[in-house]
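Asker: Single-letter residue listing:
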Amino acid sequence: MSAPQASETPKELASPTSAPGRKSLFRRALRSKQAIITGSIILLYVVLGLLANVIPDHTFWEARLDSLNLPFGSETYPLGTDQFGRDILARLLHSINTAFVSALIGVSIALLLGVTFGLIGGYFDRVRTVTEWAFTLIMTFPGILLLILLMPVTKGDYRFTMAIFGVLLSPGIYRIVRNQTIAVSRELYVDAARVSGLTNFRILSRHVLSVVRGPVVVATAFLAGSAINVQSGLAFLGVGSKVIPSFGSMIGDGFRNLYVDPWQYVWPALALGVLNACFVLFGNALRDVLQGKPPKPAKQDVQALAAGFEASDHEPDTSALLEVRDLGIGYEGTDGVVREVVRGVSLTIRDGETVGLVGESGSGKTQTAFGILGVLPTEAQITRGSILLDGKEILGASEGVLKKLRGGTIAYVPQEPMSNLDPVYTVGSQLVEGIIASTGKGRAGAREQALALLDRVGIPDAKRVFDSYPHQISGGMAQRVLIAGAIASRPRVLIADEPTTALDVTVQAEILDLLRDLQSEFGMSIILVTHNFGVVADICERLAVMQKGEIVEAGITKDVFANPQHPYTRMLLDSILDETTVRSDPPSGALATATKEA
Amino acid sequence: MPTAPLLKARDLKVSYPVRGFRKRPIEIVHGVDFEIAAGETYGVVGESGSGKTTIGRAVLGLASVSGGTVEFDGRDISHLSPGERRAMAKDIQVVFQDPYSSLNPALTVGEIIAEPLVVQGSTPKDARRRTLELLDSVGLPSDAADRLPREFSGGQRQRVAIARALAPEPRLIVCDEPVSALDLSTQSKVLDLLLDIQRRTGVAYLFVSHDLAVVRHISHRVGVVYRGEIVEQGPASRVTLAPDHPYTQRLLLAAPVADPIAQEKRRADRIRLRDEQRLREARAGAA
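Line order of the protein sequences matches chains A and B. The numbering of the first sequence is full-length UniProt numbering, which starts it at 1 and goes up by one. The numbering of the second sequence is full-length UniProt numbering, which starts it at 1 and goes up by one.
Don't take every hint at face value.
[To be verified] In silico lysine to aspartate or glutamate, EDC-like type, Cα no more than 20 Å apart, as pairs:
#: 1; chain 1: B; residue 1: K265; chain 2: A; residue 2: D191
#: 2; chain 1: B; residue 1: K265; chain 2: A; residue 2: D513
#: 3; chain 1: B; residue 1: K265; chain 2: B; residue 2: E281
#: 4; chain 1: A; residue 1: K548; chain 2: B; residue 2: D275
#: 5; chain 1: A; residue 1: K392; chain 2: A; residue 2: E379
#: 6; chain 1: B; residue 1: K189; chain 2: A; residue 2: E323
#: 7; chain 1: A; residue 1: K403; chain 2: A; residue 2: D461
#: 8; chain 1: B; residue 1: K90; chain 2: A; residue 2: E360
#: 9; chain 1: B; residue 1: K23; chain 2: A; residue 2: D125
Derived by calculation from the structure, the hints in this document are not laboratory data.
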């Protein structure tokens, strides 16, 4: 199979890629079939409603005693008449108007209250307590009951009822807006806007509202449906004005006349059902458009690929513990084309050595490490290659075999120690869990070993840390805990993915010391994925430099540093700020003031 | 007589409120003193949680000052009203660490850069002209103005953030770890850009970073923050190459050199220093 080359964008100064420009929610919605169909049906309803006084031959209040219960297709009564001799078509079309006016009033009030107070409550910490209480209070009202009880106040006018219902709906909008606003207020660009001298009103309207808009639009579609439902429900119960036609009152009338002519019941029920379904499906479609559909897993049968791998020109390296040959990892783009992010990586690791996998972001170094571990995301596809551990193929091995390998022979130390510990459980219980799984020891034995390991990785008060929750220990401590977990099964290969990047330099130095000590004690091999050449110089005997998914240079660390061959390696080494030159030019202040005044 | 400093912090203390009824705020910065002259770079170096970022935020008015003063051009700016603070926007600007969350993804680069100009009363036409100038001065093509931030790499985004900061021609820019989220090769280019801009415009930097090498590269003077206090400050050459304070010494020797042979020596030095310091602490404890 031919894998197309990944599109290469020069990192710096190059003209940006021609990615799709800004697209409004509306334009994006036009690409969703579901949104188009349901949106069109809703629009059709609106048009029919607007023509309510044009299409039918009769008005909706005209009751003729000479034409009771006329059937479907009668002259001037296309849908027949009801038990009072009223035109069903006319009443149906006017019901549409009632439904949309209900939705409009209910949703407008909900949006007005919810968005306004959501923005205020989300942005101004001090007001939040008040708005929170107010909206929680609204949520405690029993909705329908309240609307019925207030009938004497609203005089049965469904518009007032819907206005009150809008207030009852507002907490839903308030919560969405408040949550989004709190999240956006913490973004640095809002801080930058403050520093730029923007007023709070401008920050809210320009920076916050644009983010809040999408989810609110989606919620609005659902709320519109729910407002129509409630109005219909009340009318069906017979609460409110009998004069205004609505789906609810029509269904109610038809229901009472069910044995005479069931169609009188079917028409309004059908109209209401379709409208409601459209609002819900339209809302769902908008949400999919807004959030993007979850990618569908397309895992390839890697076993077949690995088995078919041609290794004729290759002499198996007997001293190699882990051998990666021509590994390719790709992802399917939105256009259906698989783009490789790792393009034919070959890497040999011998017993007891430390190999650095160096590269900038996007070079594919972490993907390579994940590929070896067999923990690539499900969307990833192994496009080619082979991974031999102790001469045995592990690429495409069954999950059971891999699990055993990962717990035993291969271990992993992640980049973000904190996010790799479950905040709900104590450090100790997580370690014990891992040890039981990987070594098959009993709980007491595992606990003993966990304490010994914590002690071994240089944690001063092992017992205290064992009983601590992750948030109670520092980042450096958390990384020691994870290293303790990784070495529990005495692995032969330790894959450390940027193990010190999230840590302070003083802590980094200690962690590197620890890794070095552990290596000499257990004799394990380490693959260290990093972007930091200082770390490589400190701990790696050999290194491989990755660029755009390929290894461009590999060799003994000292040789590569002294005499880099590939231009990319040379460029990277030249970019390192050297250790001795200090800024020598004086502050340019005096000069600048002079020119500014001139 | 030396000229008056552009920015002067005296016994600056910063506290963050704690959620909950009648909880006492936590003090992050415990009284620091420093000065920045016009056109000078003052580097603030420290580890996570040391309070270095908070110092920058206090100068920007994003964190509330609980004690001491911050003077800008001889005027106390530590407790300004929101309106007065907004007026400071033309003098003090910021470049944040994360070039991803510091640009609003919904606005075009042109709108982002023009925003501070527009709120200060520029006409749209002037703002547009100035935006193009600024894009040019940070080394971005002029067609960048009509694109969205997500179409740019981290380094390019940071250039956009720098252009935004330069827009009102400020006299001080607070740079909060502006290069630490960038790749190595991009990092040195952005630093060079910052140096170049300073030489051209005479803007002063308060440059916050955890990386001693970066601070050494760009700063005239350096202050080392440790647990909310400045434990050592002085000319960059002395503080970053031959520090006096034990913490700065540890910091210097902990950063690995990108040279296997030099790093081996540095590692040995670090371990020797660590043992010495432990011994001294033990003695002090015993005494």
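Asker: Next step is simple, just say for each hint if it's right about the structure.
Answerer: Here is what the structure says about each hint:
A hinted pair counts as satisfied when its Cα atoms are at most 20 Å apart, and K265/B with D191/A does not qualify at roughly 43 Å. Restraint check: the Cα-Cα separation between K265/B and D513/A comes to about 14 Å, which is no more than 20 Å; the hinted pair holds. Proposed proximity of K265/B and E281/B is contradicted: the alpha carbons are some 24 Å apart, above 20 Å. The suggested pairing of K548/A with D275/B is violated, with an alpha-carbon distance near 43 Å, which exceeds 20 Å.
For the hint linking K392/A to E379/A, the alpha-carbon distance of about 25 Å lies beyond 20 Å, and the restraint is violated. For the hint linking K189/B to E323/A, the alpha-carbon distance of about 37 Å lies beyond 20 Å, and the restraint is violated. Under the criterion of a C-alpha separation no larger than 20 Å, the hint pairing K403/A with D461/A is inconsistent with the structure, at around 32 Å. For the proposed pair K90/B and E360/A, the alpha carbon gap of about 36 Å is over 20 Å, so the pair is violated.
About 16 Å separates the Cα atoms of K23/B and D125/A, which keeps this hinted pair within 20 Å; it holds.
Of the hints listed earlier, those the structure fails to meet are numbers 1, 3, 4, 5, 6, 7, 8, in rising order.
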